[in-house]
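**Student:** Sequences are here, hints too, so could you generate the full structure?
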Amino acid sequence: MIQLTNVSKFYDEDIILKDISFIVNKGELCYLTGPSGAGKTTLLKLIYRAERPDNGKIFVAGWNVGELKQRTIPFLRRNVGVVFQDFRLLLNKTAFDNIALALRIQGLNRRQIEEEVNDALEEVGLKGKSHTLSQHLSGGEQQRVVIARAMVSKPTVMLADEPTGNLDPETSDIVIKLFKEINAKGTTVLIATHNKELFIGTGRRVISIKDKVIEKESIA
Amino acid sequence: MKVLVYSFQTALKNLWQARWINFLTVISISVGLLLLSAFLLITINVDSVINRWSRGFGMVVYLQDNIGSEDEEHIKTLLLQDKEILEVKYISNDEALDTLREVLRSQASVLEELEDNPLPSSFELKLKRDIINPSLVEKKAARIRQIDGVDDVRYGEEWLSSLNTISKALSIIAIFLGGAIFIAITFITYTTIKILFYRRIDEIETMKLLGATRIFIKLPFLIEGLFIGLFSGVVSSLLLFVMHSFTAFKLIEFLPSLRALVVPLPLEGFLAIPAAGAVLSLIGSFIATGRIRY
Numbered sequence: 345m346i347q348l349t350n351v352s353k354f355y356d357e358d359i360i361l362k363d364i365s366f367i368v369n370k371g372e373l374c375y376l377t378g379p380s381g382a383g384k385t386t387l388l389k390l391i392y393r394a395e396r397p398d399n400g401k402i403f404v405a406g407w408n409v410g411e412l413k414q415r416t417i418p419f420l421r422r423n424v425g426v427v428f429q430d431f432r433l434l435l436n437k438t439a440f441d442n443i444a445l446a447l448r449i450q451g452l453n454r455r456q457i458e459e460e461v462n463d464a465l466e467e468v469g470l471k472g473k474s475h476t477l478s479q480h481l482s483g484g485e486q487q488r489v490v491i492a493r494a495m496v497s498k499p500t501v502m503l504a505d506e507p508t509g510n511l512d513p514e515t516s517d518i519v520i521k522l523f524k525e526i527n528a529k530g531t532t533v534l535i536a537t538h539n540k541e542l543f544i545g546t547g548r549r550v551i552s553i554k555d556k557v558i559e560k561e562s563i564a
Numbered sequence: 052m053k054v055l056v057y058s059f060q061t062a063l064k065n066l067w068q069a070r071w072i073n074f075l076t077v078i079s080i081s082v083g084l085l086l087l088s089a090f091l092l093i094t095i096n097v098d099s100v101i102n103r104w105s106r107g108f109g110m111v112v113y114l115q116d117n118i119g120s121e122d123e124e125h126i127k128t129l130l131l132q133d134k135e136i137l138e139v140k141y142i143s144n145d146e147a148l149d150t151l152r153e154v155l156r157s158q159a160s161v162l163e164e165l166e167d168n169p170l171p172s173s174f175e176l177k178l179k180r181d182i183i184n185p186s187l188v189e190k191k192a193a194r195i196r197q198i199d200g201v202d203d204v205r206y207g208e209e210w211l212s213s214l215n216t217i218s219k220a221l222s223i224i225a226i227f228l229g230g231a232i233f234i235a236i237t238f239i240t241y242t243t244i245k246i247l248f249y250r251r252i253d254e255i256e257t258m259k260l261l262g263a264t265r266i267f268i269k270l271p272f273l274i275e276g277l278f279i280g281l282f283s284g285v286v287s288s289l290l291l292f293v294m295h296s297f298t299a300f301k302l303i304e305f306l307p308s309l310r311a312l313v314v315p316l317p318l319e320g321f322l323a324i325p326a327a328g329a330v331l332s333l334i335g336s337f338i339a340t341g342r343i344r345y
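Chains A and B supply the protein sequences, listed in that same order.
Just so we're aligned, residue 345 is where the first sequence starts under this note's numbering, counting upward by one.
Just so we're aligned, residue 52 is where the second sequence starts under this note's numbering, counting upward by one.
Do not rely on the hints blindly, as some may be mistaken.
Said to hold, decoys possible - Lysine-lysine pairs mimicking DSS-like chemistry, simulated, CA-CA at most 30 Å apart:
no.: 1; chain 1: B; residue 1: Lys64; chain 2: A; residue 2: Lys473
no.: 2; chain 1: A; residue 1: Lys437; chain 2: B; residue 2: Lys64
no.: 3; chain 1: A; residue 1: Lys540; chain 2: A; residue 2: Lys401
no.: 4; chain 1: A; residue 1: Lys540; chain 2: A; residue 2: Lys370
no.: 5; chain 1: A; residue 1: Lys437; chain 2: B; residue 2: Lys53
no.: 6; chain 1: B; residue 1: Lys64; chain 2: A; residue 2: Lys471
no.: 7; chain 1: B; residue 1: Lys140; chain 2: B; residue 2: Lys179
no.: 8; chain 1: A; residue 1: Lys498; chain 2: A; residue 2: Lys471
no.: 9; chain 1: A; residue 1: Lys413; chain 2: B; residue 2: Lys53
no.: 10; chain 1: A; residue 1: Lys471; chain 2: B; residue 2: Lys134
no.: 11; chain 1: A; residue 1: Lys401; chain 2: A; residue 2: Lys560
no.: 12; chain 1: A; residue 1: Lys389; chain 2: B; residue 2: Lys245
no.: 13; chain 1: B; residue 1: Lys127; chain 2: B; residue 2: Lys53
no.: 14; chain 1: B; residue 1: Lys245; chain 2: B; residue 2: Lys219
no.: 15; chain 1: A; residue 1: Lys401; chain 2: A; residue 2: Lys556
no.: 16; chain 1: A; residue 1: Lys437; chain 2: B; residue 2: Lys245
no.: 17; chain 1: B; residue 1: Lys134; chain 2: B; residue 2: Lys64
no.: 18; chain 1: A; residue 1: Lys556; chain 2: A; residue 2: Lys413
no.: 19; chain 1: B; residue 1: Lys53; chain 2: A; residue 2: Lys473
no.: 20; chain 1: A; residue 1: Lys498; chain 2: A; residue 2: Lys524
no.: 21; chain 1: A; residue 1: Lys413; chain 2: B; residue 2: Lys245
no.: 22; chain 1: A; residue 1: Lys529; chain 2: A; residue 2: Lys437
no.: 23; chain 1: A; residue 1: Lys498; chain 2: B; residue 2: Lys64
no.: 24; chain 1: A; residue 1: Lys389; chain 2: A; residue 2: Lys554
no.: 25; chain 1: A; residue 1: Lys389; chain 2: A; residue 2: Lys560
no.: 26; chain 1: B; residue 1: Lys53; chain 2: A; residue 2: Lys498
No wet-lab data here; the hints were simulated from the structure.
The structure presented is a predicted model; accordingly, all values stated were derived computationally and were not measured.
**Tutor:** Now the structure itself:
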């Protein structure tokens, strides 16, 4: 589902990632870990094509990401849900409108949007907050809206960049549980985190990055 | 279609949310369009006056004293064969003298002193309107002068040249003023839409991450620009109509000489102003939204 082969990324003369190769299989939930500055965020950006690899090949759900033309990138992104540490919500819009935006972009009609958004809000446990402005939601609630927004368009791949970075342990558990539920429905999930407590003992595969290269792949 | 509906709704919502900046933009564009259309209206009026004056334009071909009626007939035939000459009227030297007497009226007695009629016979020509410009008329006169039996050709050289200069000057001013105002309107809309675009940059970045196409992101801004230009054009048209009506019905009461100068602006003219505003603002918005990169 996600395949990176000898991928490298440079900013000017600085090496950010070097010779990265790994595969995340279809339907797998996998963790990407490493210390801050290891290149996790850049790696995710390469996967959803916010950055372009300088070397190597990246395939995501059949798309050759590095070779995509600008006009094709939106169609890749509709297949790749992304959850950010800083949420990237539109704070002056309601939870409903934030989630609905993903479906409006895909051209669904009003009835379909209403149905899908309400289902997504129910799944993340925020049905009662549908018409609350995002700025009035707590950090955990905001993160759940972001997850609902990422899953509502039923992507084949979901990426999460430090999804619990701004959350307390209790809320973090809720968020991780949501990712597991999404994965159980068949979506491939890749979570980037420096917090080892999130994956220790889960039996999931962990890809560790250190000093710009893959240090090891292991089972947690 | 759904994208279009969504873009219209978003554009209208954004127009209302940023109503003050949009209001100021509409005022600026309206003033620009009004200046341009008022000037064009003046140009149309002056042009119509020039056209009316041109209809009376004539050329006089003086004949040599010693030619006979056969030669006169031959010259007349040659002149009539020219497709650029609409009318040829023969004026005998006696008729010319009679006309002079009428003109001189009380002083006509001076003509009694003359032993012979000093005036030549002539032909009065009416030319086609599309050749009435100084260089063409001059060439025409030179060709006629070469006909045997023609003594001289006269026409209002200075008058024609002045009319031509006025007409040309108005056209040049219209081109420069029009160009400057067109650029100004495009730039005003560009600036406004650029501001609105940057105000929503977070939303645009999020939309890009969610898979929004370029047209999905740009269309609401283009529609906003279109509405701003269209509305400004409508305001200008209405103001121009009021100004024109005021001149045509009220000002003429005090300045009757204006009557000859005022011609009605056709309906197409009033419709062209909003259309021009819409097109120019659309261009400004298109440039402002730029090339969206992912």
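**Student:** Within a Cα-Cα threshold of 30 Å, do A:Lys389 and A:Lys554 meet the stated pairing?
**Tutor:** 17 Å, holds
**Student:** Quick one, are A:Lys529 and A:Lys437 close enough, alpha carbons at most 30 Å?
**Tutor:** 29 Å, holds
**Student:** Sort out whether A:Lys471 lies within 30 Å of A:Lys498, counting only the CA atoms.
**Tutor:** 19 Å, holds
**Student:** For the pair supplied as a hint, B:Lys245 and B:Lys219, is the alpha-carbon distance within the 30 Å limit?
**Tutor:** Distance of about 39 Å is beyond 30 Å: violated.
**Student:** Checking one constraint from the list: CA of A:Lys556 to CA of A:Lys413, max 30 Å. Satisfied?
**Tutor:** Status holds; Cα separation ~27 Å.
**Student:** Are A:Lys413 and B:Lys53 close enough, with their CA atoms no more than 30 Å apart?
**Tutor:** This hinted pair holds, its Cα atoms lying about 25 Å apart.
**Student:** Does B:Lys64 lie within 30 Å of B:Lys134 when you go C-alpha to C-alpha?
**Tutor:** Roughly 63 Å separates the two Cα atoms, so the pair is violated.
**Student:** Given the hinted pair B:Lys64 and A:Lys471, is their alpha-carbon gap at most 30 Å?
**Tutor:** 26 Å, holds
**Student:** When you check the alpha-carbon spacing of A:Lys437 and B:Lys64, does it fall within 30 Å?
**Tutor:** Holds. A:Lys437 to B:Lys64 sits at ~13 Å (cutoff 30 Å).
**Student:** Within 30 Å, alpha carbon to alpha carbon, are B:Lys127 and B:Lys53?
**Tutor:** Not satisfied, since the Cα-Cα distance of roughly 74 Å exceeds 30 Å.
**Student:** Is it true that the CA of B:Lys53 sits at most 30 Å from the CA of A:Lys473?
**Tutor:** 27 Å, holds
**Student:** So if I understand the rule, the pair passes when the alpha-carbon distance is 30 Å or less; does A:Lys437 with B:Lys245 pass?
**Tutor:** 22 Å, holds
Violated hints for the displayed structure, listed by number in ascending order: 10, 13, 14 and 17.
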